[in-house]
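Chains as they are written, first to last, in my numbering: chain A, 1 to 128; chain B, 1 to 259.
What the hints contain is simulated information worked out from the structure, not anything from laboratory work.
Just so you know, nobody snuck in bad clues.
Examples of chain B residues toward chain A, derived with CB under 8 Å:
(1) 27
(2) 31
(3) 115
(4) 176
No experiment lies behind these values; they were computed from the predicted model shown.
We put the beta carbon where it would ideally sit given N, CA and C, even for glycine.
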Amino acid sequence: MHELSICQSLIRQVETLAKQHRARAIARVTVQIGPLSGVAPELLEQAFYAARAGTLAEAARLTTLHAPVRVRCEQCGAESAAAIQHLTCARCGGWRTQLISGNEMQLVSVELVGGDHAPSKQEETAYV
Amino acid sequence: MCNTCGCAVTPAGRGLIYRPIETETHVLSTLNHLLAENNTQAAHNRAHFGAHGVLAVNLMSSPGAGKTALLEATIEALRDQMRLAVIEGDLETENDAERIRARGVPAVQITTGAACHLDAHMVHRALHQIDLAGIDIVFIENVGNLVCPAGFDLGQHRNVVLLSVTEGDDKPAKYPVMFRAADLVLLTKTDLLPHLDDFDPAQAERRLRQLANPAPLWPLSSKKMTGLEPWLDWLRGHARKASAPAHSGVEFSAALNHA
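Assemble the whole structure, with the sequences as input and the hints as a guide.
Encoded structure:
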């Protein structure tokens with residue numbers, strides 16, 4: 001239940017990017033959320049519409065891309081789909097696996113209105 | 001309903017209605033973590049602990065699983081061996097910090113108000129109130145919650161998750177994000193096990209393995225001071241690693257899995 005905190009951080013990130021590119025506004029924010037990130041996409045969306053008020057993103061839409069839960073088995077090497085409570089290998093049943101997809105919590109892209117396409121050199125270093 | 005996650009936002013309160021953008025737009029691609037700000041601060045905190053050779057342990061559990069009781073027992077057991085400090089996270093009250101201070105250990109209380117987790121910035125502010133010189137281990141007692149704290153790197157070296165035997169042994173399956181992040185799971189209040197017929201430690205361990213987590217799972221009772229030795233050895237070993245010079249090749253990384 002921490003989606004509002006995450007959204008406030010997200011809004012600050014996209015506002016920084018928009019200012020670097022001298023954009024007038026942000027039209028769309030695209031994020032990727034995996035089921036094992038701990039973030040509920042529907043709560044993130046509600047929180048986004050609350051957090052965007054009064055910012056360059058106040059008319060922005062949020063697009064959420066999903067990510068499948070997949071694991072790679074350390075024993076047999078197979079890659080397989082998994083469930084969030086059962087991250088075991090679908091081929092050999094072993095539990096020693098590495099998660100290769102499913103915990104994503106990423107800003108994928110930002111669609112800006114107006115401005116230039118490259119950040120100003122002076123401001124580029126401010127955003128790491 | 002809380003003030004944090006957006007669950008109180010109704011459809012009528014979703015702010016401004018979407019207005020079509022009339023002018024041309026362009027798309028910037030990024031691959032930034034949504035919590036990049038927090039993670040940068042966490043890395044700074046970790047470097048700060050590292051510079052002082054201090055082990056930082058993030059304690060997480062549901063409310064009432066016995067985090068503060070574990071700290072009290074640990075303080076007594078390590079009294080003549082190590083110097084400890086504690087950062088306490090709670091929504092309200094200074095009670096837990098007072099319990100720690102009563103044992104002669106410095107404690108800083110963070111009251112989060114409505115926030116359901118600690119973040120790296122809160123821990124950074126708390127660190128300004130702690131003199132790390134001579135300290136071996138800093139415990140960060142997170143807000144009692146098995147959901148939100150798992151998402152926020154604080155700059156700790158290791159995550160320890162407590163599961164009390166008065167909870168269900170299926171908790172790892174119900175809270176996979178939290179239990180996947182655990183470097184160590186402690187089964188607490190095991191002195192009560194004889195009175196409970198529905199908690200099977202072996203089942204709790206199976207659930208943990210199904211999350212592909214190889215973390216040890218050790219039973220103990222803080223109240224009876226039993227089963228503490230593996231935990232204390234674990235602390236001594238990790239504190240030794242944390243205090244080793246940086247060039248010795250011992251390296252601590254972030255405990256959480258960041259995409």
